[in-house]
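Keeping their order, the protein sequence lines are chains D and G.
Taking the numbering used here, the leading residue of the first sequence gets 1, the next gets one more, and so forth.
Taking the numbering used here, the leading residue of the second sequence gets 1001, the next gets one more, and so forth.
Keep in mind that the hints were calculated from the coordinates and are not lab data.
Owing to the predicted nature of the structure, the values given are computational and were not obtained by experimental measurement.
Backbone N, C-alpha and C fix where the C-beta goes; we use that ideal spot for every residue, glycine too.
There's no promise every hint is true.
To give a feel for the contact side, a few chain D residues facing chain G, derived at Cβ under 7 Å [said to hold, decoys possible]:
1. Ser50
2. Asn96
3. Ser134
4. Ile136
5. Ile187
6. Leu191
7. Ala197
8. Asn203
Keeping only pairs whose Cα atoms sit at most 27 Å apart, straight-line, the calculated DSS-like set for lysine-lysine is [what the hints assert, rightly or not]:
9. G:Lys1524 / G:Lys1574
10. G:Lys1419 / D:Lys69
11. D:Lys36 / G:Lys1419
12. D:Lys100 / G:Lys1435
13. D:Lys61 / D:Lys106
14. G:Lys1523 / D:Lys201
15. D:Lys36 / G:Lys1435
16. D:Lys190 / G:Lys1435
17. D:Lys167 / G:Lys1419
18. D:Lys167 / G:Lys1414
19. G:Lys1419 / D:Lys100
20. G:Lys1415 / G:Lys1570
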Amino acid sequence: MLRKIIFPIIILSLLSSCIELIDDITIHNDGTGTFKYSINLSSSRLKVNSILALDSLDGKKVPSMGEIKEKINSFTTALKSQNGLSNVRSEFDEANLILKLFVDFKTVGQLEQGIKNSIIAVSKEKSSYELNESWIAWDGKTLKRSVPLTAFKRSNELTSSDVDLLKTGTYTSISRFDRSIDRFENINSKLNPSKLACMLKVNTFDLRNNNKLIENSITLIPFKNK
Amino acid sequence: MKQAVLLPLLFLMIGSTLLAQQSESLIPKEAVTVFSLNNISLLQKISMDELITYDFMEEVHQELFDGSTNGKSLKDAGIDFGQRLNVFYGKNGDYEVTGFTIGVSDQKQLFEVFDDFEQLQSKYKDVSIYGSFFNNLILHEKSAILIRVEPSMELIDEQTDSIWYARGNGNPYGDVFYDEEILTEDIYSEEDTTIQKSEVFPEASDDPNEKNYYELRDSVQITLQNKLLEGILDDLFIKHLNLTTEDTRFKEQMSHTSEGTFYLDNSRNFEQAKGLSYFINVLPNLYQDIRELYTGNVILGDWFLKDNTIEFALEARYGEKLGSIYEELNDAKFDKNVIPYIHKDNSAFFTYNVNMRQAYEKAYEVIIPILSSEKNSDISMNVLTLELLNEFINKDALFGTYKGSMFGTFNGVKKIKTKKIEYYYDEETFEYGEKETEATEDMPIFTLGFSIDRNDIPELVLKHLSKLTSLFEQHEDYWKFNNAILDAAPLFMINRNGLFILTNDEDLALNHVNGYGKDALSKKTARSLKHDGFMNGFVDISGTLNRFPSDLLNQRQSDMVNALKGKSGKLYLKSTKTSKSSTNFLLTYSFVGEDKSGKHMLDLINTMYIFSK
Chain D
1 MLRKIIFPII ILSLLSSCIE LIDDITIHND GTGTFKYSIN LSSSRLKVNS
51 ILALDSLDGK KVPSMGEIKE KINSFTTALK SQNGLSNVRS EFDEANLILK
101 LFVDFKTVGQ LEQGIKNSII AVSKEKSSYE LNESWIAWDG KTLKRSVPLT
151 AFKRSNELTS SDVDLLKTGT YTSISRFDRS IDRFENINSK LNPSKLACML
201 KVNTFDLRNN NKLIENSITL IPFKNK
Chain G
1001 MKQAVLLPLL FLMIGSTLLA QQSESLIPKE AVTVFSLNNI SLLQKISMDE
1051 LITYDFMEEV HQELFDGSTN GKSLKDAGID FGQRLNVFYG KNGDYEVTGF
1101 TIGVSDQKQL FEVFDDFEQL QSKYKDVSIY GSFFNNLILH EKSAILIRVE
1151 PSMELIDEQT DSIWYARGNG NPYGDVFYDE EILTEDIYSE EDTTIQKSEV
1201 FPEASDDPNE KNYYELRDSV QITLQNKLLE GILDDLFIKH LNLTTEDTRF
1251 KEQMSHTSEG TFYLDNSRNF EQAKGLSYFI NVLPNLYQDI RELYTGNVIL
1301 GDWFLKDNTI EFALEARYGE KLGSIYEELN DAKFDKNVIP YIHKDNSAFF
1351 TYNVNMRQAY EKAYEVIIPI LSSEKNSDIS MNVLTLELLN EFINKDALFG
1401 TYKGSMFGTF NGVKKIKTKK IEYYYDEETF EYGEKETEAT EDMPIFTLGF
1451 SIDRNDIPEL VLKHLSKLTS LFEQHEDYWK FNNAILDAAP LFMINRNGLF
1501 ILTNDEDLAL NHVNGYGKDA LSKKTARSLK HDGFMNGFVD ISGTLNRFPS
1551 DLLNQRQSDM VNALKGKSGK LYLKSTKTSK SSTNFLLTYS FVGEDKSGKH
1601 MLDLINTMYI FSK
């Protein structure tokens, strides 16, 4: 997801040093919800800015800040036109290099499809294994999710010296619900005291080596009709 | 009896060797740059087996052998390593000429390697010509030249258009002169950049016997190539003109016994420089005057392999007028104020001493008369402006602020403090917020200092800037410009002791504002710097490169740095006194270890090759 837009930023951060990623999804009982995604490169400002100052790196063009902002805007615009998605907005803090995306959705299926369609809209890639893959599923009782960022899977293209720099980054996945969580499969997950939210934090280096680290299946207590 | 036979034979052999044509006699006079390896002495120290393992040799192998002679090397190429290997490049307004000349010991072996070449007809006595696509291999006596002549696109287009329109043809591109979409296409963001719009190319002719524009252009290109090559070969084999006969400086250079020589005729480079056509056509007298100014501008170099040392001796020669400016420019006393600011353990530093005021006065004296003699209203107005500025500007203040002398150091990579945004989580709700915290990042630390007499002027500027923005902070001993570097790191300015210093080294600004004291450069080094010419430089290769953050470099620079890493050498550059006719530079690379100097030199050449690839 967001590969064409965020991939250059991810690459910049992977080549420099630490990155902080948060994906935060809220699913209500009726299946609607909110998805928030945040990429924080502020701790690598110096290195990211120095890379942005280059024309190219490893034979690939380094995008300018203007080009990055343009891609973000194009993606946001494409996302706004997708069925079942509303209140779409993105915020890019250029000074601190923090990108945030906010989306309300009617169903998680529409969220997933909307994001895929938007990637296709802003990139030439019309089909790929990653785009066909499903990263989220919700049946009203169980939420199954994995990494909603295929760019991370692409990080396999990085050289070993670059990969070392991932070691200080974190990826945080938060899932929120209207009713209590009954159980979850990923043992590294943490429940909040009210059992309405589940958080999973992993190291980006470990995640790069094993995408399954962020996979989780969260089952809620049965829905009670009043 | 034996002596009676052997002695004349010996004299005959020595005589034939001395009189025989050498590879340098085949270097065309059009060559502007020549890089010559004196094979005899070089190969005494470097084995060919070692030589062919280098990246730059791989490329030569590919170029020469085109994959058709796998497993072979130059060693198997029938080359006479008793002669020099000369690589040359030349360019004029009409064409480029590139190639190399070598000695030949075994023609059969040579053509086992150059097996793509076919013999062509030769009109020259004792000269065999072979061709393969755009390359030609020409053998004469015991030497050979591999040459490629490429006419400029301007010349090809001009000739093609002339023939094309003379035949009554219209615009070969039709009405579509250019495709706006192609010009604006983002070549970077899209992977498939193939231009598929056939309408931008001329259509094939209806008559298969009549050439379309591009076919005609190909024919013109080949014809021009042949004609230009013929001109060069006529010079070489009929008129017996070559670079050694035409440039005594080059001939003299070829007589050196150094391991290698370098020749670059800057004056001819100037003549062929792009962008001068306006001067040539509109201001011919001015062009002629400037050309005269550059006459005699040539760089000659030798390198010598010694035990654990490689020396590059360069001599920059120039004409008297330009020399008079250089002489004034370099007539600067070493600014001893810089010594305390160079730490004795610095991985790299340079000092540069020039007298900008004297150079300005001399340049004014030399150039203004040239410009004034030009009968052109624009030039006259510019001369008037220059002369008025010369009268009105306070040169004492200007050159007191920027004297020209400077120094720079690389202090390695240090952790510097920056700010970052960190997320904090509410353990009850997992809601998160942002807070600003301190971060540390690696940064290469540089210092750049300028000699200055008028410290009050930058102080004046900085005081006003600090009123305009809070990014400028005045501290007791220095100024701090926050977020000046890449929007993240501060820049410190130290304005004292006859220097204006810019640095991102917080330690220097906070703790060594008057220099490093006893930790500064040794007195011995300082004495050496004072006695040398206008330029001095030092690089501890391992110390510098191992501390340099390679993730800030592009791929080529990174390759170069990696190729040099592990070397324990030190590079010193110094210039000697500048005269009206020349300035000499000496670059010394010294190292410790068991490696032979030749190997170290090849490592350096390999690095340069990777860098320039």
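Quiz prompt | List of violated hint numbers, smallest to largest | solution = 3, 4, 5, 6, 8, 13 and 14
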